[in-house]
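**Q** Take a look at the letters that make up each chain.
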Amino acid sequence: MSLRPTSAYAVASVDEVPEGTHRVVRAGKRELGLFNIRGEYHAIPNLCPHQRGPLSEGEVSGTLDYGPHTGWRLAWIWEDEVVTCPWHGLEFHVPSGRCVALPEVRLSTFEVRVESGRIFVVA
Amino acid sequence: MTIESTPNAAAASDRETLETLTIVDVDVHVHEDPAQLAEYADPPWDVGLREIAKVEERYLDLPGLSPRAEYRVPFPGGSHRRQVATSAREMREGLEALHVNAAVVFPDHLLSLAMVRDPSFAVTLASSYNQWLYERWLLEEPKLKGALVIAPHDPQAGAAEIRRQGGHREFVCVYMPASGLKILYGHEWYDPVYEAAIETGLPVVIHSVEAVYPVFPFQLQDFRTSMAVHALAHPLAMVANMVSMIETGVPVRYPELGIAFMEAGTSWVPWVANRLDKEYVERRREVPLLQERPSHYVRRFYFGTQPIEEPERAADVVSLFELFDGENRAMFASDWPHHDFDHPQYVFGLPFSPEARRKIMGENAIRFFRLELE
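Protein chains in written order, with the working numbering: chain A, 1 to 123; chain B, 1 to 374.
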């Protein structure tokens, strides 16, 4: 648990981030990606841990998976939940912050609140 | 070639940064517009290039110029960053963001030049590209330095091109396209190119692209010495097989399976592992069976030490082993009585720690082969 004090930053209005879209916002000193995935908001850093690319400027899609957990069938999973870094293609599952390729890598995720049509990120 | 350093504004600073450092990027790529190349091409190829320009191109994939036999199925998403530079200004802005002070420029489509079928077209492509590059990029942006393209189809024409353009100091090397090459660059066929390069004071740079065509890069039968054949036949056989096993996820599908590679030395192991890890970052979705970096799987494999590397500094072997967890994955092998056997004294005498030496000389094999020794 971080002991760093947090603040709630107004980063956008709900009209600015319709369902199925995302945008880069600033919350204090942080540059974050704000995503609206099926009506739920998520915030992750706009910084790829690979080579520090602008991760949240990347495209959002699903991704491919395969293994015992998919019944050994190639599967398209996490539709609209995966952002791909525009620099080198590293993929992240936005709701969890998990790096799809590298399980030891996980992004910070930030609490998002909506009040009176305004979106706040706690960072 | 003279490159001016950036103004040394931070000279007083103790710590060097990207901004204060002079950075030379030796490989950047410009994107050829076939309609522009047509302006420099010999007839009737100018007509053909204008026709090619009518076709919608994909990334490094243009029918008639650099066609790919692309059968991979596209899925939504993925990297969408612009991956071409179509003007000197665009390139300059990109390089400035990277804090690059000077860059050597290579082509996009002409990376596939060796695969162009008609030698006459290949030669005119090279010469028109070079003139286009000179006029529209190198003269436009001083921080860009040109790689002068030659068509491997006709070394005499390549030599003439080098002599024609080589006097322009904006060109700093001769670029020899590697992918799809029919005759390897060691052949005397290319002597005219090398002679012209020497004459004009330009080095040559061999640069590849993602292509396997039709047998490249496996025409090793052209080697004329045992030195060349033996140096590569073993490790390349291992490289090809290991990459294949990683690609299809053998260690994932059969995690209990022990896998070892023999008689290829080990220096190729970290090389392949690092190559695969770099690819994996960008292309994980092609191998979703893999749940970790490819090198994590490579580290599950075992390797015979023979033929053990014999660098000038024996300690380099220890450093090499650290790159692929050799302490726990290498197993001494001699290949006795073959001509190139390794005496156990050599491996033993390498400056490993006593513990590592024990593992390499025996304990790893005991574990791998599940030996029960008295």
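FYI, nobody ran anything at the bench for these hints, they're computed from the structure. Glycine included, C-beta positions come from ideal geometry on N, C-alpha and C. Take the hints with a grain of salt, since some may be wrong.
[Unchecked claim] Okay, the calculated beta carbon distance ranges per label pair:
| # | chain 1 | residue 1 | chain 2 | residue 2 | range |
| --- | --- | --- | --- | --- | --- |
| 1 | B | HIS296 | A | TRP76 | 44 to 54 Å |
| 2 | A | TRP76 | B | ASN241 | 24 to 34 Å |
| 3 | B | VAL24 | A | GLU111 | 42 to 52 Å |
| 4 | B | LEU232 | A | TRP76 | 50 to 60 Å |
| 5 | B | LEU21 | A | PRO18 | 40 to 50 Å |
| 6 | A | GLY117 | B | VAL26 | 31 to 41 Å |
| 7 | A | THR70 | B | HIS296 | 13 to 23 Å |
| 8 | A | THR21 | B | LEU18 | 48 to 58 Å |
| 9 | A | THR21 | B | PRO351 | 27 to 37 Å |
| 10 | B | VAL24 | A | VAL24 | 29 to 39 Å |
| 11 | A | GLU79 | B | VAL55 | 54 to 64 Å |
| 12 | A | PRO18 | B | LEU232 | 52 to 62 Å |
| 13 | B | VAL229 | A | THR21 | 57 to 67 Å |
**Q** Mind checking the hinted window 13 to 23 Å against the Cβ distance between THR70(A) and HIS296(B)?
**A** This hint holds: roughly 20 Å between Cβ atoms.
**Q** Quick one: are THR21(A) and PRO351(B) within 27 to 37 Å, going by C-beta?
**A** 59 Å, violated
**Q** Okay, HIS296(B) versus TRP76(A) on CB: inside 44 to 54 Å?
**A** 25 Å, violated
**Q** For the pair VAL24(B) and GLU111(A), does the Cβ-Cβ distance stay inside 42 to 52 Å?
**A** Check passed, 46 Å falls within 42 to 52 Å.
**Q** Does 29 to 39 Å hold as the CB distance between VAL24(B) and VAL24(A), or does it fail?
**A** 32 Å, holds
**Q** Go ahead and decide if the range 40 to 50 Å is satisfied by the Cβ distance of LEU21(B) to PRO18(A).
**A** About 44 Å separates the Cβ atoms of LEU21(B) and PRO18(A), which means 40 to 50 Å holds.
**Q** I want to verify a distance hint. Is the separation of the beta carbons of LEU232(B) and TRP76(A) within 50 to 60 Å?
**A** 40 Å, violated
**Q** Note whether the CB distance of PRO18(A) and LEU232(B) lies within 52 to 62 Å or breaks it.
**A** 57 Å, holds
**Q** Please check whether GLU79(A) and VAL55(B) have a Cβ separation lying inside 54 to 64 Å.
**A** At 33 Å between Cβs, range violated.
**Q** Measuring from beta carbon to beta carbon, are TRP76(A) and ASN241(B) in 24 to 34 Å?
**A** The hint (24 to 34 Å, Cβ to Cβ) holds, given that TRP76(A) and ASN241(B) are roughly 31 Å apart.
**Q** Using the Cβ atoms, figure out if GLY117(A) sits within 31 to 41 Å of VAL26(B).
**A** 53 Å, violated
**Q** If you check the beta carbons of THR21(A) and LEU18(B), does the distance land in 48 to 58 Å?
**A** 34 Å, violated
Comparing the model with each earlier hint shows violations of hints 1, 4, 6, 8, 9, 11; every other hint is respected.
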